[in-house]
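Quick note, the sequences are listed as chains A and B, same order. If you count by my numbering, then the first sequence holds residues 1 to 249, one letter each, in order. If you count by my numbering, then the second sequence holds residues 1001 to 1325, one letter each, in order.
Just so you know, the hints here were simulated from the structure itself, not pulled from any lab data. Since the model is a prediction, treat every value here as computed from it, not as a measurement. Take these hints with a grain of salt, some might be off.
[Claimed, not checked] With a straight-line Cα cutoff of 25 Å, these simulated SDA-like cross-link-like pairs (lysine to any residue) come out:
no.	chain 1	residue 1	chain 2	residue 2
1	A	Lys120	B	Arg1190
2	B	Lys1004	A	Phe116
3	A	Lys140	A	Met179
4	A	Lys193	A	Glu128
What follows is each chain in one-letter form.
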Amino acid sequence: MTNRVLEITNLNKSFGAIHATQDLSLTLNTGEIHALIGPNGAGKSTLIQQVTGYLQPDSGDIQFLGQSINHLSPAHRAKLGLAQTFQVSSLIMEYSCLQNVVLVVQARLGSSYRFFAPIKNDALLQQEAMTYLQEVELDKRCHIAASALSHGERRQLEIAMALALEPKVFLLDEPMAGMDPAGVKKLIERLKKMCRKAPILLVEHDMPAVFALATRITVLDYGRVIATGDVESIRNNPEVQTAYLGVAP
Amino acid sequence: MSEKMLNRALLSLLIIAPWLAHWIDEPYYVSLATRIAILALAGVGLNIALGLGGMVSFGHAAFFGIGGYVTGILASHALNYEPLFSGIFAMSGSTQMLFIWPIAMLVGAIAAIFIGLLSLRTSGVYFIMITLAFAQMIYYFSISWPNYGGEDGLPIYLRNSFPGVNTLQPIQFFMICCTILLTTLWGVSRLQDSRFGNALKALRQNETRVAAVGISPLGIKLAAFVISAMITALAGSLFADLNRFVSPTMFSWHTSGQIMIFVILGGIGRLYGPVAGAIMFILCEALLGSWTEYWQFFLGLLLLWVVLFARGGLIGLLCGDKAHD
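Could you put the whole structure together from the sequences, leaning on the hints where they help?
Right, dumping it as structure tokens:
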């Protein structure tokens, strides 16, 4: 039990007649990349939003490091160590790359109520933020506004911001979406490194990437888990093949 | 033109003009400049909520009026030698600005905490409407409360005093107001570049992202709203002393709108925006107002033009877009 970082038990969420999450249970252990796959509308994003706190489950429990986090706000959960990247890049668009990461570092340090000292003169804060940009190879673009970045660079910045939180769990919602093959390849290597820092719950459609990365895979369909297991068992699971991989039964 | 140069030019204009007026013995222009300084201060307050935080408060008249009424009420009690309230301990009025200002700001802050906690849970049009509703509630309350003049307002027979200064002399009172404006501008310039300012400006752009990195949006917004209200309350206190009169008009939505116009005319989110805006507004009123009583029609045209073609206000028009780093 000690290595169980995230534990979701019997989670339910409905939107009217649509049962988006049905009796869903899931765990994430230290050191692993747990991939969450399923066709569009399977309830992956709904699940992620319940974990991050933007949606309240109807019933069930989410435990993070042995503590129930159901009643906590998204900000509070992030502070405990839940870092997320968004399916559609969500950045502070007028800020430079560096300023985006500085914001995360100051959030982690819990020092957002300092009213007087200019951050420009805060070399430590700037340097620390810079190390995360170096990690994703954005350091040369550090003074470019986020709005001027390319799609791929925005995805990189999202990763840098997740890293800067020094989290206990990464929740990555389709990090590969819209990336070119070279970018995907790089990102796969990066995620392999990241999971040594903290386990990753990965929502992804890029199947080769998922098969290359995942320690475990959980397949969702109509809001319920239809299979969970290691890469081989999922690849050979007939139910998964019909529901998702598009192989005729 | 660089923004720094324009800011300096605006300040020099604001400081030199009343001295010239003073030397040629035209006290009217000194008090005009004083009005500009005070209203600019109110705008600087609103600009923290509106410009930095993106909170479109249409109820800042509430804080402006609170500052005014605190000043009027304290002064009238002091002049009548009646304690403000008595019971276990008594509090008497005061005619000392140095005592009145903190009280005005404190009462403004308390009101802002209350209003902020209720209204900051909403956003967009609802936030505008709730802040307006609170200000209007206080407005109607001030009209119907007979103790302090009700609809007729409350005169302050003698301008409150400041140690070592003859506040009744226009140029000296102007210097007090101008010093406060300068100090506040300096403070806000520090605030907007601080960690707090960093979080606040980020919130305006992307609240979800800020929450996702672990900064609670409500706390930051509330703190900004309270600071904003305190500055506007201080401006209200000075405004009461300038006119030696407070009336429910200070609470009316016209006042909220006027403060917002200063910010928009000058440039939303620009440090000196409200200063530029207040200068333009008051000069329009004084120059066009002496020519036609329909001067507000032309102000409307000007505002329309700014909103359509010069989003950054006067400062944006002259200095271009804001620099990033």
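Outcome of the hint check:
1. A:Lys120 x B:Arg1190: holds (11 Å)
2. B:Lys1004 x A:Phe116: holds (20 Å)
3. A:Lys140 x A:Met179: It holds: about 20 Å lies between the C-alpha atoms, which stays within 25 Å.
4. A:Lys193 x A:Glu128: holds (19 Å)
In this structure, every one of the numbered hints holds.
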